[in-house]
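Chemist: Please arrange chains H, R, F and W with the ligands on chain X, whose structure you already have, making use of the hints.
Spelled out, the chains give:
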Amino acid sequence: MSEQQNYEPRVVAFLCKWCSSAGSDLAGVSRIQYPANATPITIPCTGAVSPMYILSAFNKGADGVLVSGCHIGDCHYIEGNFLARRKMHLIMELLEFIGVEPNRFRMSWVSAAEGAKFAQVITDFVDDLKPLGPQEKLKKAERA
Amino acid sequence: MEKILDKKRIDDWIAALNDWEVHAPALEDGIWTYKPVSGAARLDHPNTRQSPKGFTFPQREVYFSFEQIKGEPPKLTQILPKETRHVVFGVRPCDGKGVPRMDKVFTDHVEDTYYTTRRKNVAYVGLACNKPPSATCFCLSVGGSPVSTDGLDVQLTDLGDRYFVKAVTETGKALMKAAGSLLTEPAAADQKQVKQVHTEAVAYPQRKINDPDGAPAKLKVSFNSPLWDEMARACIGCGICTFLCPTCHCFDINDEVHSKAPLQGQRVRTWDNCQFPDFTMHSSGHNPRENTGARLRQRVNHKFQYFHENFGMHQCTGCGRCVSECPVGIDIVAVVNKVTENVG
Amino acid sequence: MTKKRTGVFVCHCGTNIAATVDVARVAKEMAGEDSVAFTKEYVYMCSEPGQESVVQAIKDNKLDSIVVTCCSPNLHEKTFRDNAKRAGINNFTCEIANIREQCSWVHNDKAKGTEKAIKISRSVVRRVNRNQPLESIAVNVTRRAMVIGGGIAGIQAALDIANAGVEVVLVEKQATIGGRMLQLSETFPTLDCSQCVLSPKMVELKRHPKVKLMTYSEVQELAGSVGNFRVKILKKPTFVDPDKCKLCDECTAVCPVVVPNEYEINLTTRRAIYIPYAQSIPASYTLDESTCLGLNPVVCGKCKDVCEADAINYDMRPETVTEDVGAIVVATGFDLYDQANMPEMGGGKVEDVLDGLQFERLCSASGATGGHILRPSDHKEPKNVVFIQCVGSRDPAKHCAYCSKICCMYTAKHAQLYKHHVPDGRAYVFYIDIRSGGKGYEEFVQRTMEDNDTLYLRGRVSRLYRHNGKVRVLGTDTLSGQNVEIDADMVVLALAMVPSKGTTEIAKILKIGRDKDGFLAEAHPKLRPVESVTGGIYLAGAAQAPKDIPETVAQAGAAAAKVIALLSQSTLSRPPLIAKVRPSHCTGCGMCVDACPFLAIRLENGKAIVNEALCEGCGSCSATCLRAAIDVKNVTQLQIFEMIEACLA
Amino acid sequence: MSDNIYLPKLGRVAFIKDEVVGERAIKTFRVEAADGGDLFEHECGQCAMLSIFGRGESMISIASSPLIKEYKQFSIMRVGRVSTAFHDLAVGDVIGIRGPYGNNFPIDDWRGKNLYFIGGGCGLAPIWPLITTAVAQRADFKNITVFYGGRTSRDIMYRAELEKLRESVDVHLSIDKAEEGWDGYCGFVPAAVMDKDPVPDNSVAITCGPPIMIKFVIQNLNQLGFADDQIYTTIENKMKCGLGKCGRCNVGKDYVCVKGPVYSWAVLKNLPEEY
Amino acid sequence: MINIQDIRDTARDMLAKGEVRTVIGYRRGSRGMPAEPAFITSPEQADELIWDPTCYHNLSLYLVHDQKILAHLRKASGSPIAIVAKGCDARSIVVLLQEHYFKREDVYIIGVSCEGTGVLDERKLASQLNGVQPTLAAFDGDDYVFTTAEGEKRLPAREVMADRCLECRIPFPKEHNVVFGEDKTGRQLAEPFAALTRFEAQGTGERWDIWSHHFDRCMRCFACRSVCPMCYCDECVVDSITFPVTQQTSAAEKADRVRWIERSAMRSENITYLLTRAMHLAGRCTDCGECERACPVNIPIRMLNNKMEREAREKFGYEPGASIGGSSLVASFLDNDPGDFIR
Ligand SMILES: Cc1cc2nc3c(=O)[nH]c(=O)nc-3n(C[C@H](O)[C@H](O)[C@H](O)COP(=O)(O)OP(=O)(O)OC[C@H]3O[C@@H](n4cnc5c(N)ncnc54)[C@H](O)[C@@H]3O)c2cc1C
Ligand SMILES: Cc1cc2nc3c(=O)[nH]c(=O)nc-3n(C[C@H](O)[C@H](O)[C@H](O)COP(=O)(O)OP(=O)(O)OC[C@H]3O[C@@H](n4cnc5c(N)ncnc54)[C@H](O)[C@@H]3O)c2cc1C
Ligand code: SF4
Ligand code: SF4
Ligand code: SF4
Ligand code: SF4
Ligand code: SF4
Ligand code: SF4
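Read top to bottom, the protein sequences are chains X, H, R, F and W.
Per our numbering, the very first residue in the first sequence carries number 19; after that it's consecutive.
Per our numbering, the very first residue in the second sequence carries number 5; after that it's consecutive.
Per our numbering, the very first residue in the third sequence carries number 6; after that it's consecutive.
Per our numbering, the very first residue in the fourth sequence carries number 44; after that it's consecutive.
Per our numbering, the very first residue in the fifth sequence carries number 266; after that it's consecutive.
Only chain X is shown next, with the shape it has when bound in the complex:
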């Protein structure tokens, strides 16, 4: 139990430049505290997230992967998040199918105005990841 309390999940967060990254900026400006587990990678659009990124992040040992972008209808590139929704749905289903805990992958819509929501999304994700413990299933073993 105590081991789990000490365990800090490592999250890679793909944030769309226009909404979620700006939303996380707003969380910063508003000084809303949230766990430091997620390292952001800013991408132009959720539509630019290749499923390979997600597989790769897990392969490299991510405990959780977050993809966050603009609400449907708000995409800076109009349709990017629609395309992303489909792709992410498929990869999520696939991961779940082979027995990866569904809580390891998350997608959210966070607009530039939703600083608090951004903080909440990260907080919730980290809370959900903690009980799962370190992600070993897809992680490349360092020594063999």
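Because the hints were derived from the structure by calculation, they are not lab data.
Please read these numbers as outputs of a predicted model, since none were measured by experiment.
Careful: at least some of the hints might be erroneous.
Listed next, the in silico DSSO-like pairs over lysine-lysine satisfying Cα-Cα at most 27 Å (straight line) [as the list claims (entries may be wrong)]: (1) X:35 to R:521; (2) F:302 to F:52; (3) R:83 to H:74; (4) R:83 to X:35; (5) H:135 to H:124.
Quick look at which bits of chain R chain X covers, simulated, 3 or more residues with Cβ under 8 Å [unchecked claim]: (6) 197-203; (7) 509-522.
Backbone N, C-alpha and C define an ideal beta-carbon position, used for all residues, glycine too.
Modeler: For chains H, R, F and W with the ligands alone, coordinates are given in the frame of chain X:
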């Protein structure tokens, strides 16, 4: 040393080999695979899907690890295989034949430490084939036989309710000694039965390579035969035929990086094979074996010509795996026969 | 040399970063990166001396790329990129690692904050490692504009643009320009005649040498981007040559087809050949193909026979016209919420229940009743009329969540107009509350209540139905707390304003977003209220949100000013972060072509080709391509891959 | 440790020089044993497996003369993953090196003979140790002639060294197409060779370069009367182990890493053309 | 019933008239019962063609090979190539056409209907025959008839038929130039996705136990990708040096390849490989089942593709290989695609 083992007592023998890690074929996911066993071993398999070559030449071998902090020289740490001793039960004679062939590759010219370390720690308890276990077997054509003991340390022959156990090497004798009283002296009838079983096994009809002895020379002159391209037309360039083969040994060496700053990683060898289209491709994009025809020719010639020229024996042991498992029916027996057919 | 010489500049931001991030450690860790040749920390990197030190360090250490780990790139990316340029290196080899908004400000724990700051910085360092020096792309600008929608918003915008000397194409889907305003009688708060203000503008537009008017036309396809759009327009056939038509009205007299007149909101009927309003611009008749008996002299052909001007031509066919423009104003206006959605208000099936626009037509001198308020069922003067506000508006549960903004005002206007026409009549207004923010608006409402003796009832109407030749209205007066029951001669519903029919399609065609209510979305609610999210496309009028005429005109003027400013440049510079194809890997499967929201990719000889002028760099193509054959420059798959690695190191 | 054939020694880069710049850039590296002492002994024509940890290994010809013991020199063209990493090295960096591999030029059999060296592009590196050794032992040989050509004057490697070589041997440089300020031969190497009419008597020709060049050089030499066993060349095949085990560089029954890379045309001619 | 003579006549005729340059079909293999791909180039060879329950190969793979060879030789295709295609194979061809891999006029599809009897699963047969070696297989109504040393053996097709044939929804090559056999679409022998549904009913832990076991066993022979007509990329994520490389390829491009996975056959790498493959086949796999048949270690790979297929169908209303026009699954979207998983 020749003994008799009650079939039901094989588990006890395995249990007695407590200095060794024992492996035997097990049926899993519809195929026979070598699996570690502690007690029960049933040796009623036709042959395993994968050959036992992985015991000495695993699919992935770590050579060494490296570590480097920016501005400092790298540190290398050699990683040799663990000195665990393995006994592999139920090795068919064709796979036994593969062992000396692999030995040749890995010790000729210079010795491969990783191979030799593993090799000296593996013993093979073979199982003679009372009848060729598969329709694709052709060991007799390539200098083998269903009862060959080459490469084995012990040979078992199935005599119904008991095995005829014969030591082939000193290691084999040691393994048999470990069995103690489980092994009993064979009676004359046993000897007679073994002989008969062996004779029948050899007499059993098999697929044939028409002129195995003439093959090296005939293949040599057929290098530019148009048949290669024609016969390889359906080949998909997968690794099945070579990965399953008991004597295919090609490999790749790559650096696997675990961390970039500081640099940490391992240099590893992995199986590779001549049927992969990128196998011989140069950095420039030039590929000496450009199409499936050239690659099929390499595989066949390696088995039946080059190896023979270098070591005086065919590299193929007639196990038939590449024939039965090829998804598109490319058949080394048919290929050799066809290419050599009309050559003088 | 392929290896980069990167400089990393770690900002303390006073204590903003330094308090919760160990900046010295960040700098030290970055120094351990293979490509990093120089690191520095400083209290305020963005200060004058801070910036100077960046420039100096680049020069002194022959750096070819820099990473500034500081605040959000939205704040100082430009600052430091300019510095990079000043120091003689390409500005696109400068990247910002945001360790303030995304780290120091949101994590109090210094150890964890420092760890995360290192990961963020490291990932950006790895990214910069593979950044290409890039130059902005210059595109020539087409000095022409297009306005879509010929309501007051479109008319105003077109006039403003044309008066600045820029050619404008105005595309209107109806047979006449004028929009809703042409249907209004008098307008609040001044009660001046709508058509009297509008008609001169319509005529001016028609005559303007810089304006090309395309009525009865619809935009079908848009290609290109800011500065260079190519628009395909479908010109529907009117079957009447406007230059020949003498407006003699002979044709309507003989046309045997009678259909409801949508311009009079079905209060009257028209023929298959008709003119929407007397003041229509262009002043010409239109033959409605869908109701005509067959455009065929054998079947009917009466109008053609009777037309002395020989203006009627049955052989007209739809025509597709392509226009090149540099900027677009979208002013497609509004519709009223569909009554069919509101069974409680009769669902549009109860006689003598009108919507606001119908009432406008009843009041209008050019309307069906020649300006007399007569109720439709029996053409008698209604003696008591109930006006209901907020019908469909402010009802998130069932209808529109938003306030339609103008209904309070026009209902007050309607009540006044009614009283002017029928001084002995009784007017009731059901309202939730009165929103009359605007110059002279509050006074206008007060006048309605006091001078015009209108009874304002605060409360909602729960039901209405036909009862004894009248319309029974059941409601509550929340002020008195009593139920109210009125048997009215006529009821007028102030229906919610919704985006005009076809807004979804036009938004799709133009690739501009819509808001949650379906109105066209502005790029920023406060700072860019007349711009759409797509560069070069501007919004005006009720298509963007419910608004009245003054506001519409103001926004149209603003949009026009933006267009004029944009088109006053001869070239535009576009960011070069666009997609690039690796032809060797592309198999020409066309998946990127389908995925690209900007139609920026086409296939040529079995390979994808990116149109630099169209690509916005969204990356949808690269995430869709199975072969990694297409990448966005400086956000390549390899870069993201290495960033992922850095995040997890 | 030295019994592990795959474990490289560590070598320090002591010197780096740009030979050719541009897309197919070539750099020369001088590598010393990182722990002092000598790396290993080698013969002319042999190669070594060089590695950059984390990037991989590449087989590279040793371009320095066996007479030089304190370092080995390599000229590497930037073509891919490992070679690019080499081009990123700085003096002082430590790399991995194992070898020497392959056979060598039978230089002892050639004493007292005329030597013709014919190189093109990057192909000067493998024969360079031979040239420099022969020059160092100049008295042992009769005429020594070096033909070397690049696509343009900027593709000529070892420019300064070649100029210096002129002091003791005949050097003929050529470029494919005429250029301003070039006073050497203009045209392809095989033609440049014909131009000088080398004599086959008591001679050996050693050629190395792009396959197409080699093909025509050999044709021309044959025409001039050089017998097949008077012509030597080297071949390159993809290699991973360098030890005749990984199974990819074979030409017929021979692994090039063991039985090659040096071949006399008399031998090579009879091998299957899989290189 | 299909009369093989019809197929032979068609092939012979077209070759004789020079209408096609090759007919890709099936012939008897050298090792007995199973058919093997045949490339018929002269009218005389047409009689080698066969049609029996062992014609399981999806020959459309060879259309891909053909394109690659032509590209390599820089040759134009000239006359079309004819191919014998079952329902699933024809759908593969449709996907290839949808992805512009070749033009419709470059291929002449000789459709054969599976008529509800599908093709054989050799593994199932082996367990039914208990070591008896059949030398010939044939269709006979709803049965397969095997010739063995011990005489003729008749088995109901559905007992030894490949799973995917049992579940097949469209056993008829809709896209064809000529077609033989009856359209028995609708004659579905088992519930589609039955095995998948059973598998999914298990918990996360159980599912992982099963898959991790399989992922451990993959030896990365890449037969699954090599046999798949949809896996036609010139450079796969698993490749080291690849076909797009030419003399013109810059050193930087070769040096900067993304190394998504290591060459080692380790669980993590195998997962990345196989999941990438499943993702890349989403909306493209036509369930010909070749990958699973080819896998030498019996990894149920088809289930991964099946999973994607069902998602595509149920969530996005997308059917791979249904039509040549239209956007691919992942290159398109619908406004009402499910989004309830998004927070
Ligand atoms: C009952 C009522 C009374 C009102 N009274 C007043 C008042 O007294 N005072 C006041 O200030 N405001 C009043 N208004 C508000 C006023 O009508 C609007 O502010 C004004 O009409 C908005 O103008 P617009 O140009 O944005 O839209 P619209 O007038 O709706 O014009 C849009 C035009 O675009 C055209 N169009 C639509 N889609 C396309 C397309 N795809 N392609 C080409 N063309 C297209 C339409 O045909 C139309 O001509 C009233 C509104 C109502 C409903
Ligand atoms: C006998 C001999 C002598 C030679 N002498 C010289 C010489 O003197 N000078 C010279 O310049 N060249 C010489 N060469 C050629 C040299 O060996 C090659 O140019 C060099 O190996 C190219 O390596 P590279 O990594 O740069 O090329 P790449 O094309 O990038 O890669 C080569 C190999 O590295 C591995 N690899 C690369 N990328 C990846 C990846 N993403 N994933 C997995 N594996 C990967 C692959 O196995 C690949 O085949 C010689 C070759 C031979 C055989
Ligand atoms: S011969 Fe068969 S098994 Fe071997 S590579 Fe070719 S298709 Fe694969
Ligand atoms: S070549 Fe084929 S038959 Fe011969 S040993 Fe290898 S797998 Fe067996
Ligand atoms: S998706 Fe990729 S392969 Fe297909 S056309 Fe686009 S770039 Fe080419
Ligand atoms: S990045 Fe790709 S998808 Fe996005 S606009 Fe450019 S070409 Fe289109
Ligand atoms: S065929 Fe099977 S073993 Fe081979 S790579 Fe595919 S899943 Fe792995
Ligand atoms: S993934 Fe398997 S089943 Fe699907 S098309 Fe490819 S080979 Fe056929």
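Chemist: When the hints from earlier in the document are held up against this structure, which numbers fail?
Modeler: Of the numbered hints, 3, 5 and 6 do not hold.
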